[in-house]
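Protein chains in written order, with the numbering used here: chain U, 8 to 120; chain R, 18 to 138.
Worth double-checking, as some hints may not be accurate.
To be verified - Derived lysine-lysine pairs resembling DSS-like cross-links, with alpha carbons at most 30 Å apart:
#1 U/K120 - R/K81
#2 U/K58 - R/K81
#3 R/K81 - U/K31
The hints are simulated quantities; they were obtained by calculation from the structure and are not laboratory data.
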Amino acid sequence: DIVMTQSPDSLAVSLGERATINCKSSQSVLYRSINKNYLAWYQQKPGQPPKLLIYWASTRESGVPDRFSGSGSGTNFTLTISSLQAEDVAVYYCHQYYSSPDTFGQGTKLEIK
Amino acid sequence: VQLLESGGGLVQPGGSLRLSCVASRFRMSSYAMSWVRQAPGKGLEWVSTISDSGNSAYYRDSVKGRFTISRDNSENTVFQQMNSLRIDDTAVYYCVQARGSGELFDAFDMWGQGTLVAVSS
Chain U
8 DIVMTQSPDS LAVSLGERAT INCKSSQSVL YRSINKNYLA WYQQKPGQPP
58 KLLIYWASTR ESGVPDRFSG SGSGTNFTLT ISSLQAEDVA VYYCHQYYSS
108 PDTFGQGTKL EIK
Chain R
18 VQLLESGGGL VQPGGSLRLS CVASRFRMSS YAMSWVRQAP GKGLEWVSTI
68 SDSGNSAYYR DSVKGRFTIS RDNSENTVFQ QMNSLRIDDT AVYYCVQARG
118 SGELFDAFDM WGQGTLVAVS S
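Sequences and hints are given; from them, build the entire structure.
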């Protein structure tokens, strides 16, 4: 199984500041023949199901604010929130769908400083 | 457009439950469907996936032989039969849809609200 490791486990950022969450996979999730990374990011607020933010490592889902961006390739990925808003307080998960079983990172809890 | 799960509840170890997930206002027949669970206070864990046609199914090792995912595209519904339930199966079970039509390996772009399965004596 591909192990997904996020860092940090928790993060406190001031409103308007940048938040960066990292995700490392135990093996590459890049499908070289089509040059796509099988990596997604989700946001989960308390009492709600997760919401897809980013897929193919860097493609923003429709309706997601452009302050959210994804980057990286192979085994190292980053979710960046360029200017933190109060409504961004949540737990964020990365997810690899390159091979079965799908696996998720342990989650990163983002709070306001 | 939404997914609505049902069938969760409290069951004793060794018992069975059947979860259902109905899609409203879209045809799920073109999409692979999955179940993802989340134990109380814990992270997300993929459980099972069924292809759009229903011809292929995949399971995490810990549920193989105990859980069965199926679908009825005419009823726009996906099921998960869960037998020999264990305490560590306790979780909220989410029904989720793959983002791309016909894609088996894809991000999950639609999630139900979840149904709680509690296994306890």
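Here is how each hint holds up against the structure:
1. U/K120 - R/K81: 44 Å, violated
2. U/K58 - R/K81: At roughly 27 Å apart (the allowed maximum being 30 Å), R/K81 and U/K58 satisfy the hint.
3. R/K81 - U/K31: Holds, at about 27 Å.
Of the numbered hints listed earlier, the single one contradicted by the structure is hint 1.
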